[in-house]
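**Student:** Now for the letters of each chain:
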Amino acid sequence: MLHTILDEALSPWMKDTSLDHRIVLSSRIRLARNFKGIPFTNRGDINDLAKVDGYMRSMITPLQTVYGKSFSKINLESLSAIERDVLVEKHLISPNLANQIQERSVIISEDSRISIMVNEEDHLRIQSMELGLQLEKAYEKAIAVDDAIESKYDYAFSKDFGYLTACPTNVGTGMRASVMVHVPALSMTGKLQRIIRSIIRMGYSVRGLYGEGSEGLGHVYQISNQQTMGISEQATIEQLSQIVQGVVKEEEKARAELWTTDKEGIEDKVWRSYGILTHARRISGEEALALLSDVQLGIDMKLIDVTMNFHEMLVITRPNFLAKLVGKESMGTQERDSQRAQVIRDTLLRGTKGGTI
Amino acid sequence: MKCDSCGKENANVHMTSIVNGVKEEHHYCQQCANQKEQGTGSMFSSMFDDTFFNNQFFANVMYPQSTLGNSKLSACPQCGMTISAFNHQGRLGCDKCYEAFQQHLVPLIKRIQGSTSYEGRLPQRGAEDLKVEQTIKQLRNDLIQAVKQEQFERAAQIRDEIKSLEQSKVSN
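Read top to bottom, the protein sequences are chains X and P. Residue numbers are given in this note's numbering: position 194 of the first sequence equals residue 194, and the series is strictly consecutive. Residue numbers are given in this note's numbering: position 106 of the second sequence equals residue 106, and the series is strictly consecutive.
None of these hints come from the bench; they were simulated from the model. Certain hints may be false.
[Stated by the list, open to error] Stretch by stretch, here's where chain X covers chain P in the computed footprint (C-beta under 8 Å, at least three residues):
| id | stretch |
| --- | --- |
| 1 | 110 to 119 |
| 2 | 138 to 146 |
| 3 | 152 to 160 |
[Said to hold, decoys possible] Chain X is nowhere near these chain P residues, computed Cβ spacing over 10 Å in every case:
| id | residue |
| --- | --- |
| 4 | Gln78 |
| 5 | Gln124 |
| 6 | Lys163 |
[Stated by the list, open to error] Taking lysine to any residue and the SDA-like style, the derived pairs with C-alpha atoms no more than 20 Å apart in a straight line are:
| id | chain 1 | residue 1 | chain 2 | residue 2 |
| --- | --- | --- | --- | --- |
| 7 | P | Lys96 | X | Lys263 |
| 8 | X | Lys159 | P | Asp129 |
| 9 | X | Lys263 | X | Arg281 |
If you're wondering where the values come from, they're calculated on a predicted model, not measured in any experiment. Note that the Cβ used here is the ideal one computed from N, Cα and C, for glycine as well.
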């Protein structure tokens with residue numbers, strides 16, 4: 001199980017092709033929970049951490065019964081640094097959890113949709129992921145897991161503040177709902193910043209998934225709620241879904257605009273990017289993300305006939321996954337760029353009709 | 001753009017506030033902004049002075065003196081966390097900290113979350129009263145809607161339901 005998680009770029013849940021998940025890549029619900037009467041992770045001693053870990057060990061079987069799929073509990077101390085980093089790149093654990101490993105673990109469902117970080121900033125961070133815009137479904141699954149745990153152990157809860165968390169920014173529902181979107185046309189037409197500003201004004205946050213600064217590499221952004229008090233989980237999910245639907249509409253409009261104003265221009269961009277990706281011998285992560293985003297846009301707009309899973313490419317081009325793929329603990333920049341170029345060439349040619357250029 | 005307050009000077013301080021889930025934008029000139037701030041104990045003087053980026057970041061930005069000044073309880077009885085340690089780290093020590101530091105946390109949560117009323121789901125055990133309260137709250141909203149839509153029969157039904165729930169609360 002661990003083996004599959006670490007070595008395959010695509011988590012099982014990402015393979016569902018029945019859904020049209022252009023523009024909206026994935027939805028995620030995260031619940032922060034703590035057990036009653038045990039100090040939060042930052043203040044707990046090793047016995048407290050071990051107690052929390054023990055609670056969760058005892059939950060593996062009940063979780064399987066509720067969820068209908070098997071769960072694995074992975075002790076972070078048993079992993080190498082690079083294996084932990086791969087879990088971070090796949091969004092299964094947070095960088096925070098990867099850095100502090102004593103009595104820390106992650107519980108992952110067989111389909112990788114559910115992951116529970118144990119002894120992160122809060123005792124539990126229950127995370128549930130779905131393809132496309134499916135916050136409701138992700139929420140239902142997270143709640144099923146939440147209820148199963150709560151039926152055995154009492155959570156820290158107060159009627160004034162709701163679920164109690166280490167940081168007051170999470171107190172209340174403890175819920176962070178996030179949606180990952182790919183919006184290249186909004187960037188190209190210069191409309192993105194205005195949209196980001198209006199989303200922020202509604203009390204939601206937007207951040208580029210890759211790279212620093214406001215311009216997200218690969219035009220992939222994450223939109224999340226900020227408020228966990230004064231609003232219910234359902235209302236948050238409804239609002240966020242509406243915001244995302246609005247973004248999708250704007251992105252579609254921008255794509256139509258690109259098509260009518262200069263179809264050849266966008267076609268040229270897509271094919272050039274495809275040309276570089278299928279021929280380059282060395283490519284940086286940054287460049288790869290930008291070009292892959294172009295190709296994905298070309299696929300969405302039916303300008304290019306290639307089969308590519310954007311999720312897979314996003315994971316495959318990450319440094320630690322690459323290193324793991326090649327079986328090395330560390331690689332120099334040059335070697336990494338050359339490995340990356342090769343993996344991208346191989347993957348894209350597999351998805352191209354005829355298989356050769 | 002002119003200042004919302006004096007209407008004379010140009011507005012160069014822009015704030016968004018969330019009160020009871022309603023977002024409002026305000027635009028003030030520097031002078032009026034300073035005055036407002038003294039009145040409300042808001043956070044932006046600390047953003048303009050030099051102490052902003054020192055190691056009291058959390059204390060200055062999120063927990064200004066006005067909300068922390070009248071500290072009575074110095075440590076959490078369960079985990080020993082102190083309010084000054086919290087100001088420093090921005091993390092609470094345990095569930096009891098929320099009771100121990102309630103008077104500090106309420107204005108803080110109001111500031112960062114825009115609300116201090118909990119509207120989320122309830123645990124399966126030990127929150128029966130709260131469940132009834134939430135149901136009543138929901139029914140009151142339904143009642144207002146029903147009256148607006150002139151569905152008076154339904155409104156009367158909802159009213160009776162609220163009454164009986166309130167009575168059950170009292171008898172418990």
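**Student:** All the hints need checking, so say for each whether the structure fits it.
**Tutor:** Hint check:
1. 110 to 119: Coverage by chain X holds for the stretch 110 to 119 of chain P (8 residues, Cβ < 8 Å).
2. 138 to 146: violated (count 0)
3. 152 to 160: violated (count 0)
4. Gln78: violated (8 Å)
5. Gln124: violated (6 Å)
6. Lys163: holds (23 Å)
7. P:Lys96 - X:Lys263: Status violated; Cα separation ~62 Å.
8. X:Lys159 - P:Asp129: holds (9 Å)
9. X:Lys263 - X:Arg281: violated (29 Å)
Checked against the numbered hints given earlier, the structure breaks hints 2, 3, 4, 5, 7, 9 and satisfies all the rest.
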